[in-house]
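Undergrad: Okay, here's what each chain looks like letter by letter:
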Amino acid sequence: MDRGNVYMGRILLVDLNKGTCEEEELSQDLIEEHVGGAAINLALYERYQDRDPVVMGTGLLTGTFAPSACAGVLTGKSPVTGRVCHVPLLGQTAVELKYSGFDFIVILGESEKPVRLWLHDELAEVVGAGDVWGKDVWETVEKLRFEHGDDYVQIVCIGPAGEKGSLLAQVSESYWGSRDIFGLGASLGKKKLKAIAMRGLGSLEVAEGFFDECVQLKNEIASGRIRGVQGLVPILESLGADPEGLKAVQARVHRNVASFNCIYPYNSFVMIEEDPKLLKESQKKEPGLLLTDPAGVASLLFLKEGLPAVLRKINRLGLDPAACGRILAKQGVTDAGEAEKSLAAFLVEGFSLDGQGVENVYGAAPWPLSVGLEARLVQAASLFSHSLPPQPALASFEDFSAPDDAAGRARWWLERQAACLILGICPLSALLSPELSLEKMAGLAAKACQWDSLTEDVIRGKARQLVQKTAALAEPKGKLPSAWQDPEFEASVKGLLQGG
Amino acid sequence: MELAVESLKCTGCRICEYACNYHHDLDCSANGASLMLHRTEKKNYFGMMVKGERNLMLARPEGPELVAPGAQVEGAGASSKPILMRAPCDRCEGEDEPFCVKACPTGCLFIKE
Amino acid sequence: MQEQARRLRIGIYAGEGASHSWTWFVDLLERFNYLRIRFVQEQDLHRHLPDLDVLILSGGDTFEVARALEPSGPQALRVFLERGGLYIGSCAGAYLPLNSSKEHLSSFNFVRAKINNLTRDLPAVRALPLKFSTRYGCTYVIHPVREEVVVRMAEDFPVWGGREVTVPLYGGPPLQPSEDIEPFAFYSGFTGRTLFLTDPEIAERVYLGKIAACEKSIGAGRMVLLGPHFEHPGFPEGNAIVEEWIRWHVARTPLRRLPETGRREENAEGCLLDPLLLESLKKEVSNMRIRAAALARETVYWQIGAKVYEPEKILHFVEVVWSRLARLKAQRGKTSEPGSGEPLKELAASCHARLRELSEKVSRAQETQELAEALFSDLRRLTAAFLESYFRTIARGEAPGRREEASAQRTMHRKALTRR
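Chains as they are written, first to last, in my numbering: chain A, 88 to 587; chain B, 75 to 187; chain C, 3 to 422.
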């Protein structure tokens with residue numbers, strides 16, 4: 088197995104109590120046992136459990152030529168659900184992390200004063216963050232990019248919500264939020280870790296024939312189910328989101344953007360104070376925002392034309408849009424201005440869905456669109472973020488040759504998420520393209536690092552193990568929505584998590 | 075013959091940079107690519123910059139622009155030697171198809187006669 | 003004899019007037035395991051020469067170099083040659099010692115041979131007008147071609163005699179035959195990648211059959227003048243010819259072991275393997291590298307002297323340092339003499355601060371001409387100071403130099419000609 092084709096070989100241990108960093112080798116043994124991504128995150132989480140770790144990790148294939156190989160994972164104990172959870176990082180941050188020289192970062196303990204991490208060229212520095220603590224997400228991103236002189240610096244950070252310990256706090260990738268619905272933003276806030284900034288100018292070796300094989304799969308995906316489709320709106324449309332709300336959003340869409348090496352561009356930029364048809368660079372300082380969050384956008388569709396402005400504010404504050412949408416809807420807010428004002432109240436310590444009397448899934452916002460049993464089962468598992476659809480989009484379960492029964496489908500979704508988060512393949516892309524089969528992903532993984540015994544079965548096994556082990560670490564606190572509270576349902580969830 | 079870009083088809087995924095670098099340097103990275111994505115993220119303004127042998131081609135969304143490095147500086151003199159950080163696009167001489175064209179998921183890159 | 007050659011003390015001019023091609027010589031020498039390299043600034047050439055066996059002067063602004071090396075440079079150079087020193091001059095370094103009546107250049111009249119690219123009447127330009135000619139009094143020095151040229155080595159040149167090789171030309175001279183020089187390479191043709199800036203007939207008249215590389219004996223030493231940049235990293239054959247020439251010089255010149263001056267310079271500039279110094283330098287240079295790489299995506303240029311400078315040039319110098327710095331591994335127990343690492347750290351810090359100011363001004367579309375000039379000068383000095391310390395470290399065998407490793411080979415593979 089050729090580790091140098093897929094990893095930099097480095098784990099960074101950040102001791103926030105001491106303000107120091109230490110490096111550890113990413114050993115062949117660790118890779119052989121856990122492969123990568125969420126599974127190695129979990130192993131590291133367990134090893135350092137007493138220091139309340141948050142682990143940011145990259146998948147085996149993250150940053151390589153494999154189609155949609157952009158995914159990283161944040162693993163930690165959710166202050167919202169009480170469960171250990173894995174949140175996908177789907178922007179450019181995981182790629183940047185790996186190329187900066189580090190495959191995994193383990194954040195231990197708490198800092199007395201606000202700090203941030205600066206990772207570059209295999210160097211790691213814990214730096215005081217007094218200059219950005221208190222700033223919102225956008226201000227923080229801008230300041231740090233200016234500080235380091237490069238707009239390509241990738242930043243994972245928190246806003247005022249995380250700093251204040253609101254349970255609606257969301258970790259943000261650059262300006263545009265993330266898939267964090269489990270309050271990891273508050274975890275980082277408690278640790279007084281304001282931001283992780285990274286710039287990766289490193290490189291990976293490439294196995295013979297790997298590039299061509301990746302191109303082949305890319306062509307299959309591009310000419311497959313997603314052909315001729317672009318953006319976030321079609322995804323939500325296929326999942327039954329409100330057509331009027333979607334129409335209002337689509338009317339403001341400028342251009343669609345893909346994450347690193349993603350075939351389908353599921354991020355849609357909407358213009359707020361600018362003409363969506365404008366091709367030249369806008370003269371406005373902040374003409375709009377990038378919609379990246381399926382659940383978040385779906386939750387806010389009731390605001391219709393007001394959605395983008397409100398979501399922008401939510402992103403700036405570092406809040407989870409799906410949870411915000413639920414609360415605003417319950418409060419009967421319909422006006423964008425009103426909504427923006429209400430958000431200020433969400434920035435207090437311990438602010439939660441429960442506290443607002445809003446139905447939730449062990450504290451986290453439910454997927455906002457109506458779904459079948461299988462989707463409710465995976466949400467109740469609360470291991471992987473359901474800010475991604477808890478079912479396929481654009482394509483159907485049948486297209487994926489998924490099982491016919493709800494439990495089987497739920498298992499399918501969990502396994503697919505787990506496998507993607509181990510390999511570093513975008514789990515959202517994997518819900519759109521049946522061509523991106525586990526068999527093909529495994530084949531590429533094996534070829535990438537010349538690891539012949541890494542088969543589809545092995546990966547499936549690791550995926551199952553990830554689900555079971557993560558679930559076994561902690562029980563969820565909180566409750567399910569009343570309509571879900573049913574012994575049979577709860578038994579099914581248990582069965583799922585125990586590998587049934 | 076030169077590399078051309080249908081800029082509105084580009085989704086900013088950047089795999090072309092890595093593919094190009096692979097052709098030049100035989101590894102996976104964006105450092106040595108002949109093309110670079112220019113992006114103003116907050117304004118969603120982005121397009122490829124292709125380093126040609128004599129020009130820099132900016133594939134702006136509103137239309138391409140050719141920049142001749144240094145031409146605007148009057149009186150600039152002889153014998154400036156080349157910098158070697160990024161090789162200019164050689165259309166992947168010796169390969170069956172340019173790597174960036176091969177890797178692009180939207181088909182926005184192509185060779186123009 | 004190879005051993006003898008490797009003990010040569012080589013000085014590379016990195017002072018005012020030098021562009022960036024001197025760093026190509028650094029790569030070449032390191033690859034061939036010539037590690038006793040010093041870096042000479044304009045003000046201390048005359049002090050260094052007594053302790054050097056070889057002086058290398060590559061491309062840049064000939065006039066600037068001449069001006070900077072006065073008043074003590076010319077005489078020191080003569081003494082150096084008389085006692086057996088080897089001077090290798092490529093491009094500007096080849097123009098410098100040619101007889102001239104012009105101010106500053108006239109102090110460096112070592113070689114009578116005349117250039118064959120001088121004209122009173124400027125021919126029509128077809129491409130790159132700004133690179134085609136330079137005024138020289140009431141005449142012009144013209145450069146009818148750039149990029150690749152073919153040269154034929156003279157029969158009596160060792161190993162390569164009679165062979166044709168391709169080398170790059172960026173304004174270097176074609177020389178007419180002259181009694182005081184011995185020619186060893188002739189321009190013999192052009193390739194599909196040769197860029198013609200004017201009518202090919204003119205190019206043929208100016209170059210073909212004329213001297214591309216030659217020697218002149220002066221005292222016990224000699225001057226080797228190279229028109230094209232044989233040292234360019236994309237041309238391994240040219241590089242090998244340079245190395246062969248150095249060995250040939252050693253074979254023909256009794257290597258008088260001059261007494262070492264006895265200066266204990268072991269830790270004059272800090273020990274690069276000192277964990278604290280190394281970490282501090284790595285952080286500073288890595289931060290510069292990131293900022294410089296971002297700046298290289300901007301379409302901004304500066305005219306300094308007669309040349310156009312691009313942001314990529316900043317990154318070039320930073321990479322020359324970074325590529326070596328990144329590979330050094332700190333060794334516990336290695337400490338610098340107190341305060342000795344400070345000059346290098348300070349130089350890096352001030353360079354970084356200048357670069358930061360420059361990139362911030364560029365992002366605000368403010369004027370940066372003076373700042374850029376100061377920065378490029380700083381970069382040159384930082385690179386030279388770092389390399390000075392680096393070569394001292396690897397010459398002592400305390401860390402590996404860059405031999406033919408896989409990554410270096412890959413870099414050679416990709417360093418195809420760039421055309422601007």
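Any given hint could be a false lead.
As the list claims (entries may be wrong) - With a straight-line cut-off of 27 Å between C-alpha atoms, the simulated DSS-like cross-links for lysine-lysine are:
1) A:Lys581 x B:Lys186
2) A:Lys230 x C:Lys336
3) A:Lys105 x C:Lys285
4) C:Lys116 x A:Lys230
5) C:Lys285 x A:Lys367
6) A:Lys334 x B:Lys83
7) A:Lys364 x B:Lys83
8) A:Lys251 x A:Lys277
9) C:Lys363 x A:Lys371
10) A:Lys105 x C:Lys284
What the hints assert, rightly or not - Pair by pair, the computed Cβ-Cβ distance ranges are:
11) C:Asn101 x A:Asp299: 30 to 38 Å
12) A:Glu373 x B:Lys83: 40 to 48 Å
13) C:Asn111 x B:Arg128: 46 to 54 Å
14) B:Ile185 x C:Glu344: 34 to 42 Å
Hints are computed from structural coordinates only; laboratory data are not their basis.
From the three backbone atoms N, C-alpha and C, an ideal C-beta is built for every residue, glycine too.
Undergrad: Does each hint fit the structure? Answer for all of them.
TA: Verification of the hints:
Distance hint between lysine 581 of chain A and lysine 186 of chain B is unfulfilled; the C-alpha atoms sit about 59 Å from each other, more than 27 Å. Restraint check for lysine 230 of chain A and lysine 336 of chain C: not satisfied, since their Cα atoms lie roughly 38 Å apart, outside the 27 Å limit. Distance restraint check for lysine 105 of chain A and lysine 285 of chain C: the Cα-Cα separation of roughly 20 Å lies within the 27 Å cut-off, and the hinted pair is therefore satisfied. Note on lysine 116 of chain C and lysine 230 of chain A: the hinted pairing is violated, with a Cα-Cα distance of about 58 Å set against a maximum of 27 Å.
For a cut-off of 27 Å, the pair hint linking lysine 285 of chain C to lysine 367 of chain A is broken: about 38 Å separates their Cα positions. Taken as a hint, the lysine 334 of chain A and lysine 83 of chain B pair is honoured in the structure, with Cα atoms around 22 Å apart against an allowance of 27 Å. Restraint check for lysine 364 of chain A and lysine 83 of chain B: satisfied, since their Cα atoms lie roughly 14 Å apart, inside the 27 Å limit. Our distance criterion of 27 Å between C-alpha atoms is met by lysine 251 of chain A and lysine 277 of chain A, whose separation comes to about 8 Å.
This hinted pair checks out: lysine 363 of chain C and lysine 371 of chain A have alpha carbons roughly 21 Å apart, not beyond 27 Å. Taking the CA atoms of lysine 105 of chain A and lysine 284 of chain C, the gap is near 22 Å; set against the 27 Å cutoff, the hint holds. Checking the proposed 30 to 38 Å range against asparagine 101 of chain C and aspartate 299 of chain A shows it is violated: the Cβ atoms sit about 59 Å from each other. In this structure the supplied range 40 to 48 Å is violated for glutamate 373 of chain A paired with lysine 83 of chain B, their Cβ-Cβ distance being about 26 Å.
Checking the proposed 46 to 54 Å range against asparagine 111 of chain C and arginine 128 of chain B shows it is violated: the Cβ atoms sit about 37 Å from each other. A hinted range of 34 to 42 Å is violated for the C-beta pair isoleucine 185 of chain B and glutamate 344 of chain C, which are about 54 Å apart.
Going through the hint list in order, the structure does not satisfy hints 1, 2, 4, 5, 11, 12, 13 and 14.
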